[in-house]
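Trainee: For reference, the chains in residue letters:
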Amino acid sequence: MTEHSYLIVLLPAFSFLMIVFFLRWKEKIASLFSIAMIVTSLIMSISVLFETIARNGEAYTASFTMAQLGSFKLQLGLLIDPLTAMMLVVVTAIGTCVEIYSIGYMKDDPRFSRFFAYLSLFLFSMLGLVVSDNFFMTFIFWELVGLTSYLLIGFWFEKKSAADACKKAFLTTRVGDLGFLVGLLLIMYYTGTFNYEEVFAKIGMDVFPPAMLTLAAIGVFCGAIGKSAQFPLHTWLPDAMEGPTPVSAIVHSATMVAAGVYLTARAMTVFVASADASFFVAVIGVVTSLLAATIALVQVDIKRILAYSTVSQLGYMIMALGLYGYDTANGHHSPGFYAGTFHLMTHAFFKSLLFMGAGSVIHAVHTNDIRDMGGLLKKMPITAPTFLIGSLSIAGFPLTSGFFSKDEIVAATFGHPVFTVLTLLIAFMTAFYMWRLCFLTFFGKPRDEHRYEHAHESPKTMAYPLIFLAFMAVFVGWTGIPALSHGFASFVFHAEPYHPHADWMNYIVSSIVGLSGIGLAWLMYYKRKIDPDKLAERFKPIYTLFWNKWYFDELYDIIIVKPILAIGRFFWSFDANVVDGAVNGTAKVTLLWADLKWWFDRWIVDGAVNGCGWIVRAFGSLLKYIQSGRMQFYGLFILFFIVAAGIYKFESAYLNGWIFTDFLEVTTLFVILIGFLSYFAKTIVPESTTKPKREE
Amino acid sequence: MDILLNELAGRPVFWIISMIMLVSAFMVVTLKNVFHCAIFLILTLFSVAGLFVMLNAEFLAAAQVLIYVGAISILMIFAIMLSSNFAKDKIRMTSKNAIVVSLPVMFFGLGVIALVVKTIVDIQPLWNRDPADLTALPADNTMMIGKYLMTEYMLPFEVVSVLLLSAMIGAIVLARKERS
Amino acid sequence: MLPYIAVAAVLFSLGIFGVLTRRNTIGILMSLELMFNAVNINLVAFNKFVWTDALIGQMFAMFIIVVAAAEAVVGLAIVLLLYRNWQGINTDNINIMKW
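Protein chains in written order, with my numbering: chain A, 921 to 1616; chain B, 11 to 190; chain C, 480 to 578.
These are calculated hints, taken from the structure and not from any lab test.
Check before you lean on any hint, since a few could be wrong.
Computed cross-link-like contacts, DSSO-like style, restricted to lysine-lysine with a CA-CA straight-line distance of at most 30 Å [said to hold, decoys possible]:
hint, chain 1, residue 1, chain 2, residue 2
1, A, 993, A, 1027
2, A, 946, A, 1299
3, B, 128, A, 1602
4, B, 42, A, 1569
5, A, 1460, A, 1380
Each pair of labels, with its calculated beta carbon distance range [to be verified]:
hint, chain 1, residue 1, chain 2, residue 2, range
6, C, 546, B, 157, 45 to 55 Å
7, A, 1542, C, 566, 38 to 48 Å
8, C, 566, A, 1564, 54 to 64 Å
9, A, 1542, B, 42, 40 to 50 Å
10, A, 1535, B, 42, 28 to 38 Å
11, B, 63, A, 1587, 42 to 52 Å
12, B, 42, A, 1528, 47 to 57 Å
Stretches of chain C that chain B covers, calculated by requiring three or more beta carbons in the stretch to come under 8 Å of a beta carbon on chain B [as the list claims (entries may be wrong)]:
hint, region
13, 481 to 487
14, 497 to 503
15, 514 to 524
16, 533 to 542
17, 545 to 559
Note that CB positions come from ideal geometry on N, CA and C, so glycine has one too.
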């Protein structure tokens, strides 16, 4: 089956094309077709996973050349190694759940088919990103998931907030992608190839200057920063919650945002080669995680809390990977790689569960604000328990998935006390804000009776995925139990297999941390022993800071948006005044020149022509009277010329050219005479001329 | 002035006839009433006949009186009476170009006179011929005319008679009322 | 013979004047007769004072009288025709000799 794994990628693409071209108006068929395709992909992925396990994690590669540019090849290819196999299953499994869930959630939406088309396109892009065997193909699919993310966030583009959010998401991730491109090209420049295995082999051969390697690693990580919403580009993810909840569940929690973690894991060899870059990654991870956790503490929008939780958890993974790279570069063993990827998997399941649960709740009460909820446990017998299971998992309740994966992350920080303390602090905060959410939503008295009355359990298509995911949220982590000799750790490994051992101390500490977080939430929001409002009043500056998300949006507005707008306005004014001025000036000069030529044409050229006509007309208007039609005037004319001829003859014969010396004078006299006669003829035109009246 | 008086005194009959002729001719071209014009035309033609007599052309004078005065003038008067209500016709009978016309006409008349004078001065022999050389006009030139008409001027005579015939037929054709 | 010629010239000039100025067609015909007569005077005078052989001048004058008679006949016929067709013989109104 592994050799046919390209089908896993292409089936959703086929589904997308079919829906777009043929099934656009057949909503039921479109959704079922789409689900059929992704289920097929899921089955194949599971089969590929087992085959990979059977191969002992040996990588399978296949590629074909898309373009040959000199010695450089542009290739599309498959790289099926344990990491890929794991991701394939995660993506297809969650994809299946989400598509089934969407049937219920997106019911009655006017663009139902389009939603499934977009989802299929997203799954195609994500799977392509996962199986890619080179940086270039990864980049292509990387941008494709960015595009589908844009489309899905802006799915309800009638809402201005959704339209703004999709723009923000697209542009913010583009910033990171620029860094990714720089890193990618640096790698290409020094190694001459994009292929992962060849690049990793070349890095071992010292073709990179260390500084450049660090720069390339940080560049690649920039892509992860953008896509995984890490500090300082984390602001887009909470806004991305404007999209439909199934989208949040798959794109913005489980898979696409995990692509940054996946990329970091995939390019781990590059990070291992540069301790500085790895440390940078770890710091970014922990800072993001802390930042997001603190913001999540005070938010009231159910989806935003989950979004910040996602950012926080992604920071966790990134930190683990970064610490792995740092430790390995310094020659230490570290569970970081295994921990990060393990948490990636478990998180994908329980976070998509939480999002879908949240979607179900929103579906029931039609609000996002947890202050308007409460007591929903009775009303939602499936959603509430599954949601609570997800919350237990993320809080690190013993024996849930989150418990095992979080333990490994804590274990990865050993040797770096600051990281350890911060990690535990974040774990505590995570447990607290998640259970704050749970208590406010499902326990206590309903705060909005009207909404409570109308709350109802979601349809089965939405409930079944929740049950499946709740099951996974508990048990998928059991693959990483240290007692298993061939567990997750020995399956997914980077350089050499890591064999975890049960660290009871760690287990106890992290359990206490998690349970204390839950306990504090229980005290504050269930028992009401501590009044959260008073607490907020007491720590008002910090509360305000958290409430306003550390003012990052405002900060970006001031340092990026405003200057860019100012520059834009400047260039606009430059354009409007100078460039347009030049263009308009040219146009004006041309117009002026044209006017001049028009004037010349009108008065000089036409004037000459018309002048000729006018002169002829003037002569004609005078000379026409000569032909008066009256016989006597003709006689007079004859007489005049006889006399003139006589005078001329007399003068030339007897006065020897006294008056008329040359032809010109004679001509002049002639013309004057004719003019006089014409004028005279004009004066004697009778008042009325009667036409001949014939006798009948 | 003396020359003029001498001339007038030298041939009074000629000048009297000439003056009558010129004055009546002037009346012909200027009078308003066309019937009066016709009367003055008859007077002019009589004067011309008188001049012919003075030039020893008696036959011509007779023909002048017969043809012009007797035929043409009467024809004119008939035409006047047929064509217009002359008695009431008191409008100006000369057209507007009379003043302009008079200028070249004067030029023309004076020019002709000057030309004649000049020619006489220039060609003395022709004009001041010795009377001995000049064959005197025969006294019986009327008879001579009859002879010449039947001999030397036979052909022109016949042509003229044909011309008269055709003119007569033409006049009849023109003046006749068209038959519907 | 100079006075004869001078008188004839004046008579001829008056004839021209009449031809060019009369508004009445019959008046024009009369003026034409004056011009014919002026010519005749000239011819006869020349016959007497310059060249008497074969009576050329008188014969010429006689033919002119005949032709003038024919001319007068035809002319007056035309006048009558004009009168019938134009209801008048005023030359101002007879301007068809154009265009």
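Trainee: Does each hint hold? Answer for all of them.
Mentor: Results of checking the hints against the structure:
{"no.": "1", "hint": "A/993 <-> A/1027", "in the structure": "violated, 46 Å"}
{"no.": "2", "hint": "A/946 <-> A/1299", "in the structure": "violated, 34 Å"}
{"no.": "3", "hint": "B/128 <-> A/1602", "in the structure": "violated, 38 Å"}
{"no.": "4", "hint": "B/42 <-> A/1569", "in the structure": "violated, 37 Å"}
{"no.": "5", "hint": "A/1460 <-> A/1380", "in the structure": "violated, 44 Å"}
{"no.": "6", "hint": "C/546 <-> B/157: 45 to 55 Å", "in the structure": "violated, 22 Å"}
{"no.": "7", "hint": "A/1542 <-> C/566: 38 to 48 Å", "in the structure": "violated, 32 Å"}
{"no.": "8", "hint": "C/566 <-> A/1564: 54 to 64 Å", "in the structure": "violated, 38 Å"}
{"no.": "9", "hint": "A/1542 <-> B/42: 40 to 50 Å", "in the structure": "violated, 33 Å"}
{"no.": "10", "hint": "A/1535 <-> B/42: 28 to 38 Å", "in the structure": "violated, 44 Å"}
{"no.": "11", "hint": "B/63 <-> A/1587: 42 to 52 Å", "in the structure": "holds, 50 Å"}
{"no.": "12", "hint": "B/42 <-> A/1528: 47 to 57 Å", "in the structure": "holds, 54 Å"}
{"no.": "13", "hint": "481 to 487", "in the structure": "holds (count 6)"}
{"no.": "14", "hint": "497 to 503", "in the structure": "holds (count 6)"}
{"no.": "15", "hint": "514 to 524", "in the structure": "holds (count 5)"}
{"no.": "16", "hint": "533 to 542", "in the structure": "holds (count 7)"}
{"no.": "17", "hint": "545 to 559", "in the structure": "holds (count 14)"}
In terms of the numbered hints stated before, the structure departs from hints 1, 2, 3, 4, 5, 6, 7, 8, 9 and 10, listed from lowest to highest.
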